[in-house]
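Chemist: Given the structure of chain A, go ahead and fit chain B onto it with the hints provided.
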Amino acid sequence: KNQVEQSPQSLIILEGKNCTLQCNYTVSPFSNLRWYKQDTGRGPVSLTIMTFSENTKSNGRYTATLDADTKQSSLHITASQLSDSASYICVVPYSSASKIIFGSGTRLSIRP
Amino acid sequence: DVKVTQSSRYLVKRTGEKVFLECVQDMDHENMFWYRQDPGLGLRLIYFSYDVKMKEKGDIPEGYSVSREKKERFSLILESASTNQTSMYLCASHALGGYNSPLHFGNGTRLTVT
Chain A
24 KNQVEQSPQS LIILEGKNCT LQCNYTVSPF SNLRWYKQDT GRGPVSLTIM TFSENTKSNG
84 RYTATLDADT KQSSLHITAS QLSDSASYIC VVPYSSASKI IFGSGTRLSI RP
Chain B
500 DVKVTQSSRY LVKRTGEKVF LECVQDMDHE NMFWYRQDPG LGLRLIYFSY DVKMKEKGDI
560 PEGYSVSREK KERFSLILES ASTNQTSMYL CASHALGGYN SPLHFGNGTR LTVT
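As you go down the protein sequences, you meet chains A and B in turn. Per the numbering used here, the very first residue in the first sequence carries number 24; after that it's consecutive. Per the numbering used here, the very first residue in the second sequence carries number 500; after that it's consecutive.
Bound-form chain A, shown alone (with noise of 0.2 Å):
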């Protein structure tokens, strides 16, 4: 069955620590994989799209992997900050574009 789990459920911690959120997937085929960030009240945005080929992925503060062996990926924040507080959600396509799967997320609270 193809899967997309992540954990933990949510995560809180200080401001300026680094965290890291899990996903793993059970997808085939696999293509890629996407991590999505979603503030309160809106809608999910992208954050990076992580390729078979891809293992590893920065973009700012944000640091991405993708082990294709084993079918983990992971979001690593470095130095968080408030504006880090959102839902983290992994997304992985498969097969035709309208099949999307979607993890549950991961909620990060970032305290002062």
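Just so you know, the hints here were simulated from the structure itself, not pulled from any lab data. Hints are not guaranteed to be accurate.
[Said to hold, decoys possible] Dumping the calculated DSS-like pairs for lysine-lysine here, alpha-carbon to alpha-carbon at most 27 Å: (1) A:Lys94 to A:Lys60; (2) B:Lys554 to A:Lys24; (3) A:Lys60 to A:Lys40; (4) A:Lys94 to A:Lys122; (5) A:Lys60 to A:Lys122; (6) B:Lys554 to A:Lys122; (7) B:Lys556 to A:Lys122; (8) B:Lys554 to B:Lys569; (9) A:Lys80 to B:Lys569; (10) A:Lys122 to B:Lys569; (11) A:Lys60 to B:Lys502; (12) A:Lys122 to B:Lys512; (13) B:Lys570 to A:Lys122.
Modeler: Coordinates of chain B only, in the frame set by chain A:
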């Protein structure tokens, strides 16, 4: 920048009412989607449209219908609203061949059915 606009941020409707949720995108995208988002369940696809007047059922189409008369506009219709349709509704779009292109979301409509 792609803009996806949902007509209402908040709606409160009574059980049995017919409800229309409107979504407009300004980037000439072929593909448009309606999702609902509930705590702990993630986003679930209600309907998908890949062209004007074309639609496909998603994972949870029961109790919903859609209309796409113009490329930029995709409407979600709740024929007879029920309390279990209280949820956040998100519209999204992406370009044809959207495997590697991101979904662009509206800011959502929070619907409460009483």
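Chemist: What are the numbers of the hints the structure violates, in ascending order?
Modeler: 9 and 12
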